[in-house]
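Chains as they are written, first to last, in numbering that gives the first Met the number 0: chain A, 0 to 245; chain B, 0 to 282.
Quick list of in silico lysine-lysine cross-link-like pairs, BS3-like style, CA-CA up to 27 Å:
no., chain 1, residue 1, chain 2, residue 2
1, A, Lys126, A, Lys110
2, B, Lys180, B, Lys234
3, A, Lys21, A, Lys81
4, A, Lys107, B, Lys62
5, A, Lys81, B, Lys62
6, A, Lys126, A, Lys107
7, B, Lys235, A, Lys107
8, B, Lys26, B, Lys105
9, B, Lys26, B, Lys12
Note that these hints are calculated values from the structure, not bench results. Note that the structure is predicted; figures quoted are calculated from it, not measured.
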Amino acid sequence: MEQQILQVKHLSKSFGKQEVLKDIDFTVNQGDVISIIGASGSGKSTLLRCINLLETPNSGEILFHGTNMAGRGANAASYRAKVGMVFQSFNLFNNMTVLENCIVGQVKVLKRNRDDAQKRALEFLGKVGMAPYINAKPRQISGGQKQRVAIARALAMDPEVLLFDEPTSALDPEMVGEVLSVMRGIAADGMTMLVVTHEMAFARDVSNRVVYMADGVICEQGTPDQIFSAPQQERTEEFLSRFHNG
Amino acid sequence: MNKFAQLGADIAKLWLKYGGSYLSGIKNTLILALVGTVIGCLIGFICGILNTIPYNKNDNPIKRFFLALIRIVIRVYVEVFRGTPMVLQAVFLYYGLPYFTNNSVKFSSVWAAAIVVVSINTGAYMAESVRGGIISVDPGQTEGAKAIGMTHVQTMVNVILPQALRNIMPQIGNNFIINVKDTSVMFIIGFPDFFAAHRAAVGASYLYFPSATVEMAGYLTMTLAASLLLRWAEKKMDGNSSYELVQEDQLVMTAGTYSYPSRHSPFDEQNKEYDQTGKGKVN
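Assemble the whole structure, with the sequences as input and the hints as a guide.
So, in structure tokens, the structure goes:
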């Protein structure tokens, strides 16, 4: 039985006169792994940031289990605790060790006791292969390692949905693989994921739905097969031709 | 040359008579500067947190009004106390309060008055420093904290302010050193600091220059000590430049590590090698 977690309705966002998102509608069901693809500047990242309320939408609704989070009086902090986010630039807390990064949210936000939080942090750090580095500070580890810690930090909060904002775009080519394989593992565990990415192979192989965005609208969406093998829109085909040829 | 000898003799004379009051002046100056700087920093941090509470058009109008009001109040506070001399602020508060309240409200001691004046004066400077410190922290840090559900205060206390504090440590040091020197104006309300000891000593002995020499040396010693202490504190805050890997498997932990045998022991490989080739002792 599919259960709707997130529902985005008529979402619009502009920065000044620049209209970045135009009347976006889409839903996220339990267990979905959705890849959002599209050219730079098409509004993919803004959409993700609006969903997490890091940007305030100009109009429209973001329904989380039926409750609108984009309106007046919604508790953004407790909503964000249930919707994890992994950033392109990692955003690990520079003043804390790797372990501390994964504990602080659990203790301060979820009010878990320290021992449980530490156990949980170690479990997820082990899962992403960062257990030996728990005493390191973020500035002492590589980009790929940082991103894996960031994923562990998000997972330790037991989110219902995990948003990835171009998680591999700031990484060296040889580090992209380690992060993607961690993400594949999470997807296989059944986590609901929303991934803005330029990694077409990941979009094709891991996600169950692919959303193609262009100029602030959802141009086309469907299963990876539909999008990659038989795109209906000319723009989708054009965008993907670069990937097929490359 | 004999001028220096005379200076030495005068200083000795001063110290014999007023040494106690110089030393207690140094103690009072340091306490006042330290307490004033610490409370001033707290005021600065509170202003910094209040100043950066975000609000947008989705918030209700009362909240927006209050947040805007807070920012204006802090602005006025900073401009007034940063823009007037501390010596006047001291006079204003110490004599102004009883003047306006017919003696019903006044400071119980010069200590209370001095600490209040130095604190709010430092706070005005620190509010701006903290604001700068907060701005200097990568906005991604705030987003990272927000994304795991932290509130504004949690974000500030756990993530932003520790980093801002590190960034503004040099300014806090600056303020402390300025306070060590500038608390000398507190003689105006009768505070017994190091400079007040000078005024008392020269009032009776007329040895202006020798006493000033003592004061110069004293203030310089205090500020140099403060500088050293602050450098040490900064280093402490930066923490280790390396980290230890944690391995569950102890064999993995020790594999590849090799503790070198002590020189000239039977296990000293280098020693043996040299002996075999007949080159004798290793230098």
